[in-house]
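So the sequence lines, in the order shown, correspond to chains U and X. For the first sequence, the working numbering gives the first residue as 1, with consecutive numbering after it. For the second sequence, the working numbering gives the first residue as 1, with consecutive numbering after it.
Think of the hints as simulated: they come from the structure by calculation, not from any bench. Be aware that one or more of the hints could be misleading.
No distinction is drawn between identical chains; accordingly, a pair holds when it is met within one copy or between any pair of copies.
No more than 16 Å apart at the CA atoms, straight line, and that leaves these computed lysine to aspartate or glutamate pairs for EDC-like [said to hold, decoys possible]:
#1 Lys61 <-> Glu48
#2 Lys217 <-> Asp292
#3 Lys61 <-> Glu47
#4 Lys80 <-> Glu95
#5 Lys272 <-> Asp3
#6 Lys207 <-> Glu147
#7 Lys231 <-> Glu279
#8 Lys35 <-> Glu47
These numbers were taken from a predicted model, which means no experiment stands behind them.
Okay, here's what each chain looks like letter by letter:
Protein chains: 2
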Amino acid sequence: MTDILHYNEIKKIIPLNKSLIPIIEEGFINLSKNKTVTPPIMRLDIEEFYGEADVKAAYIKGLDSFAIKIAVGYFNNPSKGLPSSGGLMVLLNSETGVIKAILLDQGYLTDVRTAIAGAIASKYLSNLDIENVGIIGSGMQAQLQLESLMMVRNPKTVYVWARDQAKADKYIKTMKMKINVNFINSKNIQELCKNCQILITTTPSDKPLIKNDWVKKGTHITAMGSDAEHKNEIDPLIIRNCDSYVPDKQSQTIILGELHHAIKNGLINKDKKFNELGEIINNPTLGRKSNDDITICDLTGTGVQDTAIARHTYNLFISNKI
Amino acid sequence: MTDILHYNEIKKIIPLNKSLIPIIEEGFINLSKNKTVTPPIMRLDIEEFYGEADVKAAYIKGLDSFAIKIAVGYFNNPSKGLPSSGGLMVLLNSETGVIKAILLDQGYLTDVRTAIAGAIASKYLSNLDIENVGIIGSGMQAQLQLESLMMVRNPKTVYVWARDQAKADKYIKTMKMKINVNFINSKNIQELCKNCQILITTTPSDKPLIKNDWVKKGTHITAMGSDAEHKNEIDPLIIRNCDSYVPDKQSQTIILGELHHAIKNGLINKDKKFNELGEIINNPTLGRKSNDDITICDLTGTGVQDTAIARHTYNLFISNKI
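So that you can see chain U by itself, here it is in the shape it has in the complex (with noise of 0.2 Å):
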């Protein structure tokens, strides 16, 4: 029989915290070992209607399920006081292929993943002792990066920018309710390149955003908005200069990350081989090597990911049952 765990239920069982990060971080270690059977990401544009729906999909060997999802993303839904994404993920048993569970998560697990991956990140490449954060974008990723940055890291101060500041203003009054810091609309990214130890873009921005003169030294980045082709938040330049890369995913990041920008403007090597998160979470010297690297962290968002959190969810569940 196929549990169908509905989105309420969802959002109950996994509220966004700490206990996450050691379940995700573990997705991108078997990633990185190989022990993962994760097929291409299969996209179907909807383009009538500025949508499309993606599925990801990722087999941890070893493990008793693993998932499927479907992720759907339609940007003139708020237009239509529909939210922009949603989906479901399903749960198959490894061994026979029956469908455990259908998780109507409408995009919330995918939030929140994507969210702890941010924070895995920072965890493993900023600085410890950092002052500022600065996030770019005002959507739903940029509130819930910062509320999962603060697991890892202690930010006095928080400076945002949004192509349009009163989405900023937004931002900032919705943030303070959750989190004791203080906020600064930035008028432009340059100043808060200036004053930020750690940058985080979630936008769907398909024009670099952070130019390569802006970034210090010392900086960690983690850009999470480029998981299409045409997007880009970060100078090429910044990719080929920084002290140490770090994709999510490279065989995703040459085509869908900022990674692929780079090696289309011929600033990397297409065959160039760098040290995936799930590497740098099982050896941490092989990523931040001193407090003046720069480094940064391209998330395009994988499938272990995915099947990591909805196992999780799926055995809260069935505990929460018994």
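With the hints as your guide, set chain X onto chain U.
Showing chain X alone in chain U's frame:
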């Protein structure tokens, strides 16, 4: 609110019958008119357990919903008392991406739409006045293909070949309860080819079962077993020598189907363009030109069939509810 349709309900709403032929035909026509967005199949192999999960999807322009299907095949399942195939379909709103329904069909709708595609192939490509049909294989599709062939042709005798003759006997016993024709357990495929005007292959064979020399003038072959790179039921020479080779979707049969082996063996130029099944449905004169023609339909299974049957199932479900 997402509707959840369960297996028994779906079987009740969608019995295998003639009314499904125009539904699936319309899907093929849309496919051939490039009115669809159909990404390549996603495939996940779980080698340790001799299992696989495939994802197919198709959006048909102008329709208010589209389906994404997860199909599961675990070939050791029968030894555990479980069916070897399973899966589900997800129906999404084309305009908003909202998930309208989940069809927990356990692979039933795939079985049905595959069988109906076989009926469509014989309807448009075989001679009208056939006497005998040869069924190669004795599994679920061997049953369903014959049942749906009876919707479009009236054979007197059905020759059955299976690697295990006891299974052919069991097949005949089962089918005699459903269909009033003569059955012959054919000891060899050459004899079967000699006697039959329609041949339907339904096996997971990885070596050709039907030799070129055995195929008589006027024969129509529906090959539906080959849905993976290594599968191959038909001598590639037949593909070269036949009068009309018809793929369900050529961009798929060059990778998965019988055509792929003919190309690999240098018998067919990889750039040669064939009329797809949807083009034949739309203009039957493109298919069989004389009673002596040898025709082949290569069915690898397409997302448009899934979207067509998922939409039809959901529409019937809703109209029953009202």
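Hints, verified against the model:
1. For a Cα distance limit of 16 Å, the shortest separation of Lys61 from Glu48 across copies, 9 Å, qualifies, whereas the shortest one inside one copy, 39 Å, does not.
2. Taking identical chains as interchangeable, the C-alpha atoms of Lys217 and Asp292 lie at most 16 Å apart only when both belong to the same chain, with a minimum of 5 Å there against 78 Å between chains.
3. Proximity of Lys61 and Glu47 under a CA criterion of 16 Å is satisfied inter-copy only: 10 Å between copies versus 37 Å inside one chain copy.
4. Only between protomers do Lys80 and Glu95 lie at most 16 Å apart by alpha-carbon distance; the minimum there is 10 Å, versus 43 Å within a single protomer.
5. In this assembly of identical chains, Lys272 and Asp3 lie within 16 Å of each other by CA distance neither inside one copy nor across copies; the values are 44 Å within and 48 Å between.
6. When the C-alpha separation of Lys207 and Glu147 is checked against a cutoff of 16 Å, the pair qualifies neither within a copy, at 26 Å, nor between copies, at 57 Å.
7. Proximity of Lys231 and Glu279 under a CA criterion of 16 Å is satisfied in neither setting, with 26 Å inside one chain copy and 38 Å between copies.
8. Taking the shortest alpha-carbon separations for Lys35 and Glu47, only the inter-copy value of 13 Å comes in at or below 16 Å, while the best intra-copy value is 36 Å.
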